[in-house]
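Mind assembling these two chains? They're in different frames, but the hints should get you there.
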Amino acid sequence: MQHERVVANLVFLNVDGVECRYGSVKVLEDVSLSVKGGDFVGILGPNGSGKTTLLKSISRSLKPHKGTILLNEADIYSLKSVDVAKQMAVVPQDTSIGFNFAALDIVLMGRNPHMKRFQMESEKDMAVARKVMNLTNIWHLAERPINELSGGEKQRVIIARALAQEPKILLLDEPLTHLDIVNQLEIMDLIKDLCVKEKLIVLAVFHDFNLAARYCKSAIMLKDGKIFSAGSLAEVLTSENIKGVFNVDAIVNKHLVTNSIFVIPLSPQKACPSRECSIHLICGAGTGASLMKILLDEGYCVTAGVLNVLDTDFETAQFLKIPVATEAPFSSITEKTHKANLTMISKAGIVVLTSVPFGYANLQNLEAALDALEREIPLFVIEEVPVEKRDFTGGKAKALLTELKSKGAMFVKSQNELLSILNVSGEKLKTAREERAKLLDHLKPVKFIKKIK
Amino acid sequence: MSTDEVESTFFRRTSRWKLIVLLLVLALIITVIVSLNVGYAQIPFPDILGILGKQIPFLDRFIDSSLISSQNEAIVLEVRLPRIIAGVLIGAALAAAGVLYQGVFKNPMADSYVLGVSAGAAVGASVSILSGIGFVFFELRLVQVAAFIGALSAMFLVYNLSRVGSRVPVTTLLLCGIAVNFFLFAVVGLLEIIAANRLHDIVFWLMGGYSNVYWKDIWAILPFIIIGIVTAYFYARDLNLLAMGEETAHHLGVNVERSKQILLVLASLITAAAVSVCGLIGFVGLMIPHLTRLVIGPDHRILLPTSTIIGAIFLVLCDDLARVLSTPFVSVSTREWPVGIITMLFGAPFFIFLLKKKKQSYAA
Numbered sequence: 018m019q020h021e022r023v024v025a026n027l028v029f030l031n032v033d034g035v036e037c038r039y040g041s042v043k044v045l046e047d048v049s050l051s052v053k054g055g056d057f058v059g060i061l062g063p064n065g066s067g068k069t070t071l072l073k074s075i076s077r078s079l080k081p082h083k084g085t086i087l088l089n090e091a092d093i094y095s096l097k098s099v100d101v102a103k104q105m106a107v108v109p110q111d112t113s114i115g116f117n118f119a120a121l122d123i124v125l126m127g128r129n130p131h132m133k134r135f136q137m138e139s140e141k142d143m144a145v146a147r148k149v150m151n152l153t154n155i156w157h158l159a160e161r162p163i164n165e166l167s168g169g170e171k172q173r174v175i176i177a178r179a180l181a182q183e184p185k186i187l188l189l190d191e192p193l194t195h196l197d198i199v200n201q202l203e204i205m206d207l208i209k210d211l212c213v214k215e216k217l218i219v220l221a222v223f224h225d226f227n228l229a230a231r232y233c234k235s236a237i238m239l240k241d242g243k244i245f246s247a248g249s250l251a252e253v254l255t256s257e258n259i260k261g262v263f264n265v266d267a268i269v270n271k272h273l274v275t276n277s278i279f280v281i282p283l284s285p286q287k288a289c290p291s292r293e294c295s296i297h298l299i300c301g302a303g304t305g306a307s308l309m310k311i312l313l314d315e316g317y318c319v320t321a322g323v324l325n326v327l328d329t330d331f332e333t334a335q336f337l338k339i340p341v342a343t344e345a346p347f348s349s350i351t352e353k354t355h356k357a358n359l360t361m362i363s364k365a366g367i368v369v370l371t372s373v374p375f376g377y378a379n380l381q382n383l384e385a386a387l388d389a390l391e392r393e394i395p396l397f398v399i400e401e402v403p404v405e406k407r408d409f410t411g412g413k414a415k416a417l418l419t420e421l422k423s424k425g426a427m428f429v430k431s432q433n434e435l436l437s438i439l440n441v442s443g444e445k446l447k448t449a450r451e452e453r454a455k456l457l458d459h460l461k462p463v464k465f466i467k468k469i470k
Numbered sequence: 003m004s005t006d007e008v009e010s011t012f013f014r015r016t017s018r019w020k021l022i023v024l025l026l027v028l029a030l031i032i033t034v035i036v037s038l039n040v041g042y043a044q045i046p047f048p049d050i051l052g053i054l055g056k057q058i059p060f061l062d063r064f065i066d067s068s069l070i071s072s073q074n075e076a077i078v079l080e081v082r083l084p085r086i087i088a089g090v091l092i093g094a095a096l097a098a099a100g101v102l103y104q105g106v107f108k109n110p111m112a113d114s115y116v117l118g119v120s121a122g123a124a125v126g127a128s129v130s131i132l133s134g135i136g137f138v139f140f141e142l143r144l145v146q147v148a149a150f151i152g153a154l155s156a157m158f159l160v161y162n163l164s165r166v167g168s169r170v171p172v173t174t175l176l177l178c179g180i181a182v183n184f185f186l187f188a189v190v191g192l193l194e195i196i197a198a199n200r201l202h203d204i205v206f207w208l209m210g211g212y213s214n215v216y217w218k219d220i221w222a223i224l225p226f227i228i229i230g231i232v233t234a235y236f237y238a239r240d241l242n243l244l245a246m247g248e249e250t251a252h253h254l255g256v257n258v259e260r261s262k263q264i265l266l267v268l269a270s271l272i273t274a275a276a277v278s279v280c281g282l283i284g285f286v287g288l289m290i291p292h293l294t295r296l297v298i299g300p301d302h303r304i305l306l307p308t309s310t311i312i313g314a315i316f317l318v319l320c321d322d323l324a325r326v327l328s329t330p331f332v333s334v335s336t337r338e339w340p341v342g343i344i345t346m347l348f349g350a351p352f353f354i355f356l357l358k359k360k361k362q363s364y365a366a
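Here the protein sequences line up with chains A and B, keeping their order.
For the first sequence, my numbering gives the first residue as 18, with consecutive numbering after it.
For the second sequence, my numbering gives the first residue as 3, with consecutive numbering after it.
Hints may contain errors.
[Claimed, not checked] Some chain B residues flagged as far from chain A (calculated, every beta-carbon gap over 10 Å): (1) T11; (2) L30; (3) P59; (4) N74; (5) T174; (6) A181; (7) F187; (8) V232; (9) L243; (10) R295.
[Claimed, not checked] Derived SDA-like pairs: lysine to any residue, alpha-carbon spacing no greater than 25 Å straight-line: (11) A:K148 / B:L356; (12) A:K141 / B:R303; (13) A:K148 / B:D301; (14) B:K20 / A:P162; (15) A:K240 / A:K260; (16) A:K80 / B:Q263; (17) A:K43 / B:V170; (18) B:K56 / B:S72; (19) A:K53 / A:P162; (20) B:K108 / A:K240; (21) A:K80 / B:S168; (22) A:K103 / B:F12; (23) B:K20 / A:E160; (24) A:K338 / A:T360; (25) A:K83 / A:Q104; (26) A:K209 / A:E170; (27) B:K358 / A:E160; (28) A:K243 / A:I278; (29) B:K358 / A:T351; (30) A:K148 / B:F12; (31) A:K133 / B:H292; (32) A:K148 / B:E7; (33) A:K53 / A:L228; (34) A:K103 / B:E248; (35) B:K108 / B:L224; (36) A:K103 / B:E249; (37) A:K209 / A:A251; (38) A:K80 / B:F12.
Just so you know, the hints here were simulated from the structure itself, not pulled from any lab data.
Model, not experiment: these values are computed from the prediction.
We put the beta carbon where it would ideally sit given N, CA and C, even for glycine.
Just chain B, same shape as in the assembly (with noise of 0.2 Å):
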């Protein structure tokens, strides 16, 4: 290959990224609005994107609200909506927050978890679920926030448990990390022992799903979630250079120590606050920057908005499945099934199948 066509190619690459981003959004847009469709009342198309633009100012005054139901609105507007919002808000964080640990580890085993952040929010959640207390904590529930507490604690506990020195060094976490999180979940073991009549609460919680999200929930988690994507975003070549160990990296111009903490605390932050609403969704976040990493490469500028947006619509479209596959069980459960479970049904075979096709450039 020539010179000039190497120079080009990869001059040409940063277009290509922003294509890649844009058809991206697009996609998630469209799922988005499709999504809207999906559910046991049957709302007609135009009906949707008719309600959808009524809430767009400018738009509304060409469209007629007369042939809209407000019951078909109020559907479309404060549960289906909300509920979309949140898997896409979901989706993101944890698949954003596997491509920072994955990055920082230098290790593919780790994913959104591996500080013992869920570890965390689940003893959280069970504490609070086993406590029955309905507090309301500026509108949340305790349950969210009692969550969302128990992660970053567990956080800060595994960061500082492996600390020496000034150093944190990566083996070091990721071992405290698994420590803590069997300690963790012992602790949730054993709530559910005493749980009784709360046990099937906590087991649920545990599975991971958002089936019964409000616009309050999103509005709490959402600044968490954009500020840390955005703000790790601007380490995105500090996590390239990362890749390259830790030694490398200083003596690149890293500082390395601050980088990883900065990143590990805003990948704990955004992990928490998805958890606190949704409870544990295994899969997005360990096997999402995988399978975007197999497909767009190893360059953290573009696998992280690429991961991030592909997570949403991955979750987004795992909550769809989840509706439509227990409409047919409405009468022999009241529950529908957790899109924690679905997350782990459907995407890990097709994981398996990617993995399979595209094994010989992906054996490091």
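So that you can see chain A by itself, here it is in the shape it has in the complex (with noise of 0.2 Å):
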């Protein structure tokens, strides 16, 4: 009995193929979700994929032309505007206000739906606002004129309106554009544990992968108003369907500490080389990556290797569908790799080689760049690091370096010095260094393992 009372509270929202329209254009079509009190679902979407229009038809703020939206298996077009109230709160977008209300009015303002006409305020009105204004920590602004708040604080009043309804369903439209990064995760922890204990639905439009992936168990992704990918966030939050949605590469892995999901976009990829030159690298622990990324984009053919599986150039070459003349991790290059890798240096048009620290392991490198030369192909060796401090062999790396210089290999200081020789624009160089950066940032557990080793 007890359970099933429980079972009987608990409150669903069904959406069954709804189809929105402005004038003749369609911004919603066939979309259903189905979800029910404790779900927090994630709206994702570029601007324009309908998020804002699926949301206005669950407030029943649009009429969708096709399809049907039950609240509790209720039609909710077919209920009063009160009724819903009760159930359902919403955060806006925009929270401008006509008159200069003082924050406590406007808390009070989200019981509207639970007092009658002629009722003023009760005691309860009163309790119900104090607890949310403590929750979402404003009670001390209670008797300011909202236009004297800043912007976080007027969103916090907002928010603590909607929580004033003590709705069952909330919908969150961008509900952090005003908000800095702890008021943030402030805001999302609270409704997050509101919809755990309190059983909320909630509903949010996320323009940030990384807050979506936070707070969200499930999520659904839109594109020109239908659903592309709908499920759990794993399911839903894939670089694939990224890639499908917003055109945009990313790299998407499970956070070591907070173990969410985290997504890095990367800045949109040129689609097909447009140069005939093609560029063999020569690298290792990340000191190629952002340099992989950047000759991409110059149009350029990159290839690279050998690099160790799991390594991270190894990590960003798969990343950005390079081939590479791959060994197993942490081991030494054998024959076959070498010989791989060789034939990939002589199908090249330069060979860059990077200053990357040099061990047993990968000494054969070095004798790849030196086969290089001997093809005649341009060798370019950037020793941003000087030698002696990667040279992990006891002077060998530094002599077979040493010969490469007497052989007629380009020395250059730097990535930079190097693109500017291969004349990359300015503009490109400096993104080109936030990339890295961003990557390297990115990367770092994976080298934080190899150092351990």
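Put into structure tokens, the structure is as follows:
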């Protein structure tokens, strides 16, 4: 009996085959989803994909042309405004307020659906208002006029007003636009908490994948008004889906600390190589990662090798779909991969050697560089770090580098110098540096593991 | 500030509101009585109280009516009192309508004439003045009936023109109102050109005034204004929520389109009733709500009643001023100064003074 009552109290929201139009333009087509109390659903998608329209149709602001939206079995458009407002609250994108009400007055407006027409605010309404204002940490602003508050404080007032409705369903349309990072986390933690404890349905539009990943249990991704992908967060938030919907390459990974998925979008990539010349990179340990990206962006064909599986540069190359001569993790280069590397080098127009640290495991890559010179392929050596500091072979690597120099390798001080020799514009260099920083940041955990080894 | 303090301040607000309304009602009564003393004929103050007292059942037994001249009694009861009561009603009506319009439109420039009500009334009045027909409808002059009908027709025209499907977006409504206003005032302009010897009457009607009002005029408009304002008060909380934006009001459980429709019709009805008697009196509908909001705050549950009473007091005082100021010029012109001129001449500078003083908190 007790159990049944709990189930009966659980709120259900069913969106079935909804189609919305503005005039003759379809903005939502055949959207269906089914959520119940306790679900935290992220709505993702690029601008104009129908996210806000979906929320509007659920909040009864835009009646769909087709399909139904059921709130606990009842068609939401057959209910009275006031009855819906008892169950559903909305935190809108735009929060302009006409007249200068005090914060408390505005939060108490959230009690409107629970008040009769002539009723004034009761002790109970005040208690609810105080509770939600304490939760959102704005009780001390109760008597301040809303227009004197900062953007973040205002946003908290609006969220408190929504919570004062004591809703079962909370619709959030980019609720964090005005908040700084601390505020974002505080508010989302609070909402997540309510979602779990009070069995709220939360439907939230996010632009930030990482916030969505941190709080949502499931998500739907919209593209051109249709559901592109729906399901658990891990199913929806994949680099394939992000590529398919946003046309942006992104690294999707699980964070070691928060254990939530995290996404690093990269700037849109050029579709195909525009230059005849191909460049082979001899790199490793992250020294070639950003170079790979910028050379690709510049239109070169890029290859790399020999790289160990799990190496930062290997992962970057995988991600950027660069052909690589690979070796097993943490193993010395075998004759077989060395040969494969030499084949790649023989097809390259230019070979670049980065300031990768050398140990016995990858010493053979220097011999590959030597091979390039013997085939009269121009070799650039980037010497960002003096060879002494990265030679872990007791001088063998240094000796080989000296030999390279004597045989005509061109030494450059930095990646930038190389790029300017390769006629890359200055603007491009700047973004290359930023990308590099991002990538390095992202890939730190991998490097860390390597060091332990 | 401690939790308890905030809460108790809040709950004390209700009784503070009641006190404010009570004080304002008192101020209104005093204004009315004092205003009875203003005018060309000098009537001693005790006489005025005696005349009023005689009208009240039970109280009349204690008043010695032999001391009061019947002429003075007629002046007070048939000339001054209807005029002052008309001032009370019209001031209240215009101010209340202003509150409703500004609330619904969320626009500080909205006034009681925003939906073309004034222009419609002006066309109706001009046509009837031009026709020169002394037609009487239920003892009311044609110009009144025509103004009332003109006002309401213009409002319905604007409302229906701006309808998009089942909704009436506020922006369209505002723009339509402005366009119709211009059009109808152009019509009034044309009528003025062909008006010849009746031009003076039209111009005077447009300036606004109610110097020759009778009890029957008051009985005619009283129900519209009282019922209108009282009904509108039921929607005071909806107005607060509408101030948050229509979308938000909808999310907070307001049936937005219906509330808006009811409020606009009520406001227009109140305005039309007032305008039919007094012509176009500017400033009251626009500025009294603002002025009250500056002092009282934005909550419509207190803003509506206080604005209504302040509007009444304001218009009665302006009318007193009109009478006092025009007395020295009686020999020059047979006309009194129109009260519409006074409201703007004295109200506007006072409002600017208040705005300057409080502009910090008012800058929204």
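Next item on the list: Would you mind confirming whether the straight-line C-alpha gap from K209 (chain A) to E170 (chain A) stays at or under 25 Å?
Entry: Within the cut-off at roughly 19 Å; holds.
Check: Under the criterion that the straight-line Cα-Cα distance not exceed 25 Å, is the pair K20 (chain B), E160 (chain A) satisfied?
Finding: Holds, at roughly 20 Å.
Checklist line | A181 (chain B) non-interfacial with respect to chain A [C-beta, more than 10 Å] | finding: Given that every Cβ of chain A is farther than 10 Å from that of A181 (chain B), nearest at about 24 Å, it holds.
Item checked: Pair hint K141 (chain A) and R303 (chain B), alpha-carbon separation not exceeding 25 Å -> 20 Å, holds
Margin query: Against the 25 Å threshold, does the CA-CA distance of K108 (chain B) and L224 (chain B) hold or violate the hint?
Written below: 28 Å, violated
Note to self: Hinted pair, alpha-carbon criterion (25 Å max): K43 (chain A), V170 (chain B). Please report holds or violated.
What the structure shows: Roughly 23 Å between the alpha carbons, so the hint for K43 (chain A) and V170 (chain B) holds.
Check: Would the pair K358 (chain B) and T351 (chain A) pass a check requiring their Cα atoms to be no farther apart than 25 Å?
Finding: 85 Å, violated
Notebook entry, point to check: Is K148 (chain A) close enough to D301 (chain B), meaning Cα to Cα at most 25 Å?
Noted result: 23 Å, holds
Note to self: Please verify whether K133 (chain A) and H292 (chain B) have alpha carbons no more than 25 Å apart.
What the structure shows: 28 Å, violated
Note to self: At 10 Å, judged by beta carbons, does F187 (chain B) keep clear of chain A as stated?
What the structure shows: Consistent with the label, F187 (chain B) stays out of reach of chain A, its closest Cβ about 29 Å off (over 10 Å).
Next item on the list: Taking the shortest Cβ-to-Cβ distance between T11 (chain B) and chain A, state whether it exceeds 10 Å.
Entry: Not fine: 7 Å to the nearest Cβ puts T11 (chain B) too close to chain A.
Check: Is the Cα-Cα distance between K80 (chain A) and F12 (chain B) 25 Å or less?
Finding: 39 Å, violated
Of the numbered hints listed earlier, those contradicted by the structure are 1, 9, 10, 11, 19, 20, 29, 31, 35 and 38.
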